[in-house]
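Q: Protein chains in written order, with my numbering: chain A, 62 to 385; chain B, 62 to 385; chain C, 414 to 771; chain D, 414 to 771.
Calculated directly from the structure, the hints in this document are not laboratory data. Do not rely on the hints blindly, as some may be mistaken.
[Said to hold, decoys possible] Simulated restraints on C-beta separations:
hint, chain 1, residue 1, chain 2, residue 2, range
1, C, 761, B, 108, 48 to 56 Å
2, B, 312, A, 185, 43 to 51 Å
3, A, 135, B, 108, 54 to 62 Å
4, A, 135, D, 434, 53 to 61 Å
[Stated by the list, open to error] Quick list of in silico lysine-lysine cross-link-like pairs, BS3-like style, CA-CA up to 30 Å:
hint, chain 1, residue 1, chain 2, residue 2
5, B, 340, A, 340
6, B, 340, B, 313
7, A, 340, B, 313
8, A, 313, A, 340
From the three backbone atoms N, C-alpha and C, an ideal C-beta is built for every residue, glycine too.
Chain residues, written in single-letter form:
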Amino acid sequence: MAELTLVEAINDCFHTELERDENVMVLGQDVGRAGGVFRATAGLLDRFGADRCVDTPLAEAGILGSAVGLCMAGWRPVCEMQYDAFSYPALDQLITHVGRYHWRTGGRMTFPLTIRMPYGGGVRAPELHDDSPETYYVHTPGVKVAIPSTPADAKGLLAAAIRDPDPVVVFEPKLHYRTMRGDVPEGDYVVPLGQARIAREGSDLTLVAYGSMVPLSEQAADALAGEASVEVLDIRTLKPLDEEALLASAAKTGRVVIVQEAPRVAGFGAELAAILAEKAMLDLRGPVVRVTGFDVPYPYWQIEDAYMPSVERVVDAARRLLRF
Amino acid sequence: MAELTLVEAINDCFHTELERDENVMVLGQDVGRAGGVFRATAGLLDRFGADRCVDTPLAEAGILGSAVGLCMAGWRPVCEMQYDAFSYPALDQLITHVGRYHWRTGGRMTFPLTIRMPYGGGVRAPELHDDSPETYYVHTPGVKVAIPSTPADAKGLLAAAIRDPDPVVVFEPKLHYRTMRGDVPEGDYVVPLGQARIAREGSDLTLVAYGSMVPLSEQAADALAGEASVEVLDIRTLKPLDEEALLASAAKTGRVVIVQEAPRVAGFGAELAAILAEKAMLDLRGPVVRVTGFDVPYPYWQIEDAYMPSVERVVDAARRLLRF
Amino acid sequence: MAQVAAAEPELRRVIGDGETVADGEVDGLSEADLVALYRDLVLLRTYDERSVVYHRQGRIGTYAIFWNHEAMQAGAAFALGDDDWIFPSYRESAIGLLRGMPAETILSWWRGHPAGWWNPADYNVASISVPIATHVPHAAGLAWGKKLRGEDACAIAFFGDGATSEGAFHEGANFAAVMRAPLVLLCNNNGWAISTPLSAQTRAEALVDKAVGYGMPGTRVDGADVLAVYEATREAVERARGGEGPSFIEAVTYRTAPHATADDPRVYIDLERVEAEKKRECVGRYEGYLRRLGVLSDEAVEEIRGDAADVMRTGIGAAEAESPADIGLVFEHAYVDPPPSLAADLADLRRILGGSSG
Amino acid sequence: MAQVAAAEPELRRVIGDGETVADGEVDGLSEADLVALYRDLVLLRTYDERSVVYHRQGRIGTYAIFWNHEAMQAGAAFALGDDDWIFPSYRESAIGLLRGMPAETILSWWRGHPAGWWNPADYNVASISVPIATHVPHAAGLAWGKKLRGEDACAIAFFGDGATSEGAFHEGANFAAVMRAPLVLLCNNNGWAISTPLSAQTRAEALVDKAVGYGMPGTRVDGADVLAVYEATREAVERARGGEGPSFIEAVTYRTAPHATADDPRVYIDLERVEAEKKRECVGRYEGYLRRLGVLSDEAVEEIRGDAADVMRTGIGAAEAESPADIGLVFEHAYVDPPPSLAADLADLRRILGGSSG
Ligand SMILES: Cc1ncc(C[n+]2csc(CCOP(=O)(O)OP(=O)(O)O)c2C)c(N)n1
Ligand SMILES: Cc1ncc(C[n+]2csc(CCOP(=O)(O)OP(=O)(O)O)c2C)c(N)n1
Ligand SMILES: [Mg+2]
Ligand SMILES: [Mg+2]
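Looking at chain A on its own, in the form it has when it is part of the complex:
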């Protein structure tokens, strides 16, 4: 075990995975010479050479589209999108090809590519450096989606993504890249896709979250300590979803608050709520409440704190539900 920041854990994962499998390669803007604008890919160019850590032209659809072709040539490409909102030019490739090409070959050819990007707000950046775009990805058939909330998971889920035979998108909470430290197993380490994690056990109410909303939910659980025993469920992989864990926690506590940073309408929190509305009706002792970002453009940073789900908002929702 080493104590690493979240972004160091990602870097550690890359070193391990590129060493482990010579078909893994990394491509993206500034991933080579600079080692990534957040230094997630630091050291890879020197260690594995310019063929396996490639500074690409400034063209996101070109990056993802050529990764499709790289798969056809036997590579396992890992594409970096420099920021959440700069992944949008690649959505066309994602939806029309990345999610369909395996299907289009009748399952005969695989596309084991990974897309990863820093996501989310709270970092006092100019516009379009703060989006939480997971809905666009998770709604797309043929792709899987993982969002870690700890350094260990950042390593383990990325490793799982890289080794997975299907295209996987990993969103990394940039807010915690350098501010969150944690124990990270050294060397080979995989957190399987499709397994949620109970970040904190509780019996009165469940906070369901992923990514940077997990530590926030833990804070909210702390704030509620005297009032209720709060469980925090870290979803970890949005697709495949660990529906059992979700339903089990709902059955246990009977009260669920979903915390999501992305805008509310048709966000992934809606999917979680819909599953509960369909499958946990008799277990629930009150409404399924969502605490989310708002349905507006991510605001200028001086007022971004008002946009982001906060401990206050989560606590308020939890209290109202507890009193329902």
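Fit chains B, C and D with the ligands to the supplied structure of chain A, relying on the hints for placement.
A: Frame of chain A, contents of chains B, C and D with the ligands only:
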């Protein structure tokens, strides 16, 4: 009143709106000389000239991006995307600019543009002519979304979209372009955004749908005729949503089945279910059930009927809910 | 301001007109090669003409006609080795025939049957790209990836004149150039993107003028001259294999048929021009060339046409004999390792279709 | 295969070096014009240098430095009329200063305060484009839209060398050409896209080589020579107004500063080259030119610098005096006519922040 097909109603709307407001212009692939591959824009080039009905280069991001600039020059552009899945190259412009530019000017400049496209499956076409992409659009802040299910609404909602001060996306059920006929008011006709429509009154169960799932739901209601009194609620505008109508119908019947053609995960049906799970808990007599497309690429057309929500699937869901 | 000079306004041609313009020749092609190339052309032509008939008979769905595009497809493919990859658009749907793909597969594709699925690696032919230009980055990536592995293979991507307006074309071409990927960009300039003429697509004097912006060589050939296309592609392939990166070929032809079976070009096209172009169509031109060369007999023509007809008869027979696809296929192949919900959905669907409702 | 010749490998220059290379001149510019242009340069330079200081002091957030890019911004803007529109990227964030925009507005933008919002129509300066190249189609659309209305205005879009790799650049440039939109495409080729050198961005010999592929004229100028940029832009604007459509200008400079305040170029850049380029920086070069011409006195320089410093002092003062933005602004301006849920969300948020929890 004239009896028109759905696509004729759209064409009628264009003739009315371009006549009414000289700032309205139409642009897209093949909208001019050919009058659109479905003839939605037939006659506009001859009547209003090549400046107001423009055949563009084959570049969706160019179409939508230049429409942003056209707004800045005082136009009200209506962009055609030739098919649902060919709108994806324009998602970047949609998310980064169309949904944010008004906000970015502190509300001082408006972007009254319309995006419209044929959507949905069941038409025996090669891949990527069958998608239901409304989730990508409705999740995006700053844009509104309407989906008509009748010829009259196709005209009235498009007119509302064109006249709206905000960007509006209109998805037109191509399955019914030529197969559905109905009375359409002549001349000026607007169906305001944000008002759902009770397509059929009922008291035991509500089928909630939009677009091509509305007539399907009506068929399902017919099939259930002897067993239950089924209400069919046509959502019509996904954003702004007529939440009151949704909650009122749920309160009345206590049982809701949501019918959606798009893949399930984080589709708009999830949002509807989530709203019910949050705000209608005490009214509901059973789970909120979704009947949706599956989380797979839209299949080859010989098996597409198995993918599409069918009367059988809706009836099955309704029966199970009635017996809950 | 300086206007950069346009590249090669002249079209490269090999085949003459049998009268005032003399025939040229391409060195390195044996008589057998020349006849083999003819066989390819006839196979494609037969596929196309039969498909239009099959469509009218309701035996296949909407179909993108490629009549008078056969020369660029056959000519370019003939310059490739079997290890080289082909990335077709819908306009080159049948190019797999030249790699041994059964006609049934392609016919099934147009019939909307999953038997139209194939493994690209079986033929080194990628899946048909329906969304315009989006396969150009794939071809760039494959070619680059092969090069990284030290393999000798190169790739060719086919796309239309309209496709050059798309961002995906631009990004793919630039990627290929930057990575020095062994790629041939073959632009089928048939003058139209559905109803949109080239003049509404670009202000470039010739599409080949785009090559210089990517730092790659470009050449412009008569797309209805199979030998000119072959020769230009062969040169591009040699460059690619030599590590010199991608090349751009503009093959100029004219779309004499509707865009697809659903299209009615009479509302936008110049029908006189269409008639004139039909007279210059590519298969007849090559046949005339071979006859002037004296390497093609009436019997050979008959045999080749008969073989092609057989391929199509067998193909449509096999396609129609396919058993209806099981609905289970709706759920298969979306993932190698699918989320558990898909199996549950299928079970539910089978239960409902089995009649045991609710 | 024919390699199309590259356009103008030479850079157009007007300003000499005071020694071996003689000064040229641009006709039509009065002495007052020449000084006004200097004033613009100094204002931009001052904005940039002060901003770096303000950033270090924690008074503004991350900031994209444009040191040694002032000449292309001021030179191009000087060739425009007030009705002409400017589409800046983050690299031209302060170009509004040249249109009378208060420094406070731009400083507020970098401070993440909604006072950084402006109405583009107030200055004919579009909002700063953060996502690379995506504003090129906007500029094409605006220019085209103005032309359709019979207005005389044209537009200029600024973007970097890296931006030319994006599909959005390609689609916007092609749209402008096809619509004969009165647009100037000004490519700031500073040799780097963050850590990526031009050689990893393109294989074109010069970025101006892309112009021919769009059927538009291109010219390549020394981007640190304000008069060369001015002259080239003026020619492009004349063409645009004359109905001849868009032009491409490649303005070549060198990024001597970090990409932005958060960037550390030492890991990738050639520091010797940076030092050499710093010596040739654009404001000093123009100042030398004016002094050689004898139109700029020490007093004038001092006054101009003083005025610029005042603008910045006033600007930062005003920006810092802005009252904190109300959280209501989170919900405003997303729509002209918002869905009702936004008001409900705001009320809920105010209730919670007001402390009346649950
Ligand atoms: C991204 C995308 N946009 C639109 C379409 C619809 N469409 C199909 S073919 C076509 C025209 C293509 O023209 P061109 O590239 O010249 O190829 P051609 O059909 O002439 O071979 C269009 C617009 C599409 N398939 N993909
Ligand atoms: C679509 C998009 N992708 C990535 C980025 C991140 N990014 C910001 S600046 C930059 C480099 C831009 O280089 P260039 O176009 O040469 O302009 P310069 O910064 O040199 O002025 C990158 C990659 C972005 N802003 N937008
Ligand atoms: Mg064409
Ligand atoms: Mg640059």
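Q: Verify the CB-CB distance for residue 312 (chain B) and residue 185 (chain A) against the hinted window 43 to 51 Å.
A: holds, 44 Å
Q: Could one say that the CB atoms of residue 135 (chain A) and residue 108 (chain B) fall in the range 54 to 62 Å?
A: Cβ of residue 135 (chain A) to Cβ of residue 108 (chain B): about 56 Å, so the range 54 to 62 Å holds.
Q: Going straight from one Cα to the other, do residue 340 (chain A) and residue 313 (chain B) come out at no more than 30 Å?
A: holds, 22 Å
Q: Just to be careful, I want the Cα atoms of residue 313 (chain A) and residue 340 (chain A) compared with a cutoff of 30 Å; is the pair within it?
A: OK: residue 313 (chain A) and residue 340 (chain A) at ~14 Å, within 30 Å.
Q: Check whether the Cα positions of residue 340 (chain B) and residue 340 (chain A) lie no farther apart than 30 Å.
A: Holds, at about 17 Å.
Q: Would the hint linking residue 340 (chain B) and residue 313 (chain B) be met if the CA-CA limit is 30 Å?
A: holds, 14 Å
Q: Cβ-Cβ distance between residue 135 (chain A) and residue 434 (chain D): within 53 to 61 Å?
A: Given a distance of about 54 Å, which is inside 53 to 61 Å, the answer is holds.
Q: Falls inside 48 to 56 Å, the C-beta gap from residue 761 (chain C) to residue 108 (chain B)?
A: holds, 51 Å
Hint violations for this structure: none, all hints satisfied.
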